[in-house]
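J.: If you want the building blocks of each chain, they are given just below.
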Amino acid sequence: MTTTDPLLAVAGLTVRFQLPDGVVHAVTDLHLDIRPGELVAVVGESGCGKSVLAHALLGLLPGNATVTGSALLRTGDGVRRPSPLDLLACAPRQLARQVRGRVVGLVPQSPATSLNPVRTGRRLLMETLRAHGHARADAPAAADRLAVDVGLDPADLDRYPHELSGGMAQRLATALALAPDPPLLLADEPTTGLDRPLVDHTLDLLRRRCDAGAAVLLITHDLVAAQRVADTVAVMYASRIVEHAPTEALFEAPGHPYSAALLDALPQRAFRPVPGYPPMLTDLPGGCAFAARCDRATPACRVQPAFTGVRTGQVACHHPLEHAQVPAEVPA
Amino acid sequence: MTGRALAACQVSASYDQQRVLDRVDLHIAAGETVGLRGPSGSGKSTMARLLALLHRPDSGHVSIDGTPVTGTRHQVPVTVRTRVAILFQSPRAATDPRLTLADLIAEPLRATGTPPEQVRERTAELADTVGLTADLLTRRPHAVSDGQLQRACLARSLVHRPSYLLCDEATAMLDASTQAHVAAVVRDFQGRHEAGVLVISHDPALLARWADRVVELP
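Chains A and B, in that order, are what the protein sequence lines are. Residues in the first sequence are numbered from 1 upward in steps of one, following my numbering. Residues in the second sequence are numbered from 1001 upward in steps of one, following my numbering.
Chain B with its partners taken away, still in its complex shape (with noise of 0.2 Å):
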């Protein structure tokens, strides 16, 4: 297929002896928004994990933009694998205790070489979008509920302006006014970018809303 998108092609994966994915085909163009859904257990956030490059597939592989990627995340350059972000389900197992909300959103800016004053001015930019305000800024995840955690996620996770973001199950833990929210940033912002989006939910009502087409893992 031509044109940009974030494609996975006959991937297999397993963990152990245990298959979750067998030679399955997912598309997900610029500017489209796919959703997931499936049983539990049916390899979802391994397909996620695929994506983002967090997994190797058994056989198969992941492309973007039609170049075929190999290798995990750290082996790949920089430049191809900040083209795909992921924003995962449970934002206290997802973040370092250590590190504030300013510092979580402005870790990979840092982690490539970004000067501070760019650093700053888009740790502002994003935290703006998504509503954290300077006193938030300066907690660390305990002190923040699992909503101001994952909108810090978010951010986090778009700090790159990535061309692909996977949702897996990211607002599954939220009350519905953040995960309108949620889906509300990342619509804009894939407005704003042409991005291609993955959303992985259980929630039907929740994939006819925010998902073009859905795709169903058996």
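Pulled out of the complex, with its shape left as it was, chain A reads as follows (with noise of 0.2 Å):
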């Protein structure tokens, strides 16, 4: 395996939800993949289903979900876990005792949901640090100095979940999603209810993971938060990804115009919300999501524009904009 191999290579990811009255297309076709020592961002409108692909990828879906395709994780030894590992194929037993926190860790989006109310911050993490094999001896020092790797004063340790504020919350789940050195972080919204110190802060975090080798998704609607440490950034839009491309040429010369209207919408930028609403995921329609809200569709745009690139600056549009590459039609 070389440095260039993708730790974790989504392939055709498709997540539906079964309700009563209709089925939610969460996730379409999505092709994704992440290198050692990368930090990919997924950003989009709320509702635009970039969160439950991470939790697609840890196997936290809900009974009524449906997923298909394939998400290959290299990693392991080849001997307890075969290597590549299908993420989505995996027995739920085997995700629980051999994935989740161990090789792909999730620092989630609510706190105040994921913490054990009855146990402190230093019980949590400690039980956390010895179940990865951290000798009983060295396990408080380590704890000590999570903490103050994510900006927790380690006194702070000693409290209830409770007890915490939001922003410490936040800041306990990351040292807990550290603890264990997953070479895969999934950090889903990890900056919501923190200050612009704080969020800085656990970004740098992030990115020092990544560069000490780490491969991290960055799921996000904080458009500043991608453009700060991200070096790839994917557009998702109504279930599927419409751009995705290295994070200085999409902040400088978005190719698909939902990314540019999205950037638009920046107060550094003109502070203009994208005309209309994004479709409910129950009712999308046929062909291009986003062609009601373009002002540069076409009949063209009734069909689905192809998109399986990966970090080509390929666009999922017929009419890109002009610094764009022109995608392959997609065959009928």
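Bear in mind the hints are in silico, worked out from the structure with no lab data behind them. Given the structure is predicted, the values throughout are model-derived calculations rather than measurements. Treat the hints loosely; a few may be bogus.
Rough simulated footprint, nothing fancy, chain B against chain A, three-plus residues with beta-carbon under 8 Å [what the hints assert, rightly or not]:
#1 44–54
#2 257–266
#3 271–281
We put the CB at the ideal spot given by N, CA and C, even for glycine.
Both chains are sitting in their own frames, so use the hints and assemble them into the complex.
T.: This is the structure in structure tokens:
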């Protein structure tokens, strides 16, 4: 295995939720890969399916979800864990015992619901460290180190989750995810509820993990956060990735009209909302889902534009903005 | 000071023994947008709660259009308290999960005895303003996204055409487009009703863009 091999290669990931009155198209035909030492951000409007992506990779979706596609994780020793391991085909027991926490860490969106309320932060952290092979003797020191790493006063570890502010709980949850030093980290809105200095602190922490060789998938609605730390940014709209490009390229010259419109909504830019509203994931239009909100739309947009390219700057659009490549047609 | 304004005069506030605001003044004139920033725990949200009459100051007072107001929200007359509305950071925590979005918007109207016909009209008008479809209006909070729920909360906060609107980190968990949309709706309302707006945020770029002036809490 060379370092340029992706650690995680997601291909054709599709997630559907069956509801009594319809089907939610949460993730559709998603292709994404992440190499060791790389930080990939997935951005998009609320309800575009980006959190479902993280939960699908961890096998944490509810029972009414149907998942197809593959997510090959190249890790493990090849003896106890086969490599590559398809996260989507993995038995729940194997995911729980060998994958979650150990090789794929999750920084959760809502720490309030992911921390055991009857354990102090220190006990949670020690438990995690011990379970991942830290000797009893050096676990306390390691716990303090982790706390300092995430910007938490070690004295605060002796508090229970309900005694922590939202920001402190978020930092504790981050420390718990980092404790086993997983090669792949999924960070699902890790900065919600934090103020700017803490947001930057958390992002820089993820970046340092990356620079030390971990692969990080950052799922966020915060474009400024993505711009600060990501190597590449994937823009998601109505369950699909519509553009995946190097961070600088995306922010300077977005190729997809949706990416451009989303960037224009930033207060640093035009502060103008994307016209119209995102479609319901239960009722997606045929063809390009953005066409109804797009000023470049033509009848050609009734056909779904192709998008299988990863990090090529390719854009899922029939009429991309000038500087982007034109995608091939989807065969009917 | 003369003229229409929402003002906090030398207010102090604390939780248990912890003092979070110590003799602070804040003045929001009609038609003006004031930004409020400061580190976590500096009392930004407490200031919003004081101005919305949800928290009583230890000392000092809040005045609405020159008249000092004492007591919390339910103790002051309807015509006074409906002049100040507040939009919170987390719509999930601010909404009754049993109400449909339509009922959520209409509730303050019904509570003040508005005739059903007018309630329907005003709800439809506001739903249109914030971009909620008829389908979304029939749903309950668990079945909509954060962005959609916050838009419903925004409609609810505007239902009585308040003279002052307090946005407490109201766009912090929203994506850029929804944030810009919420800000646009607030500005449009402000333009038509000459409302005073307080915007609390950690984001300097947002405050620079949205507020006329920014006050910093230490």
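J.: If a hint holds in the structure, say so; if it does not, say that too.
T.: Quick rundown of the hints versus the structure:
1. 44–54: holds (count 4)
2. 257–266: Result for this restraint: holds, n = 5.
3. 271–281: holds (count 6)
Checked against the numbered hints above, the structure violates none of them.
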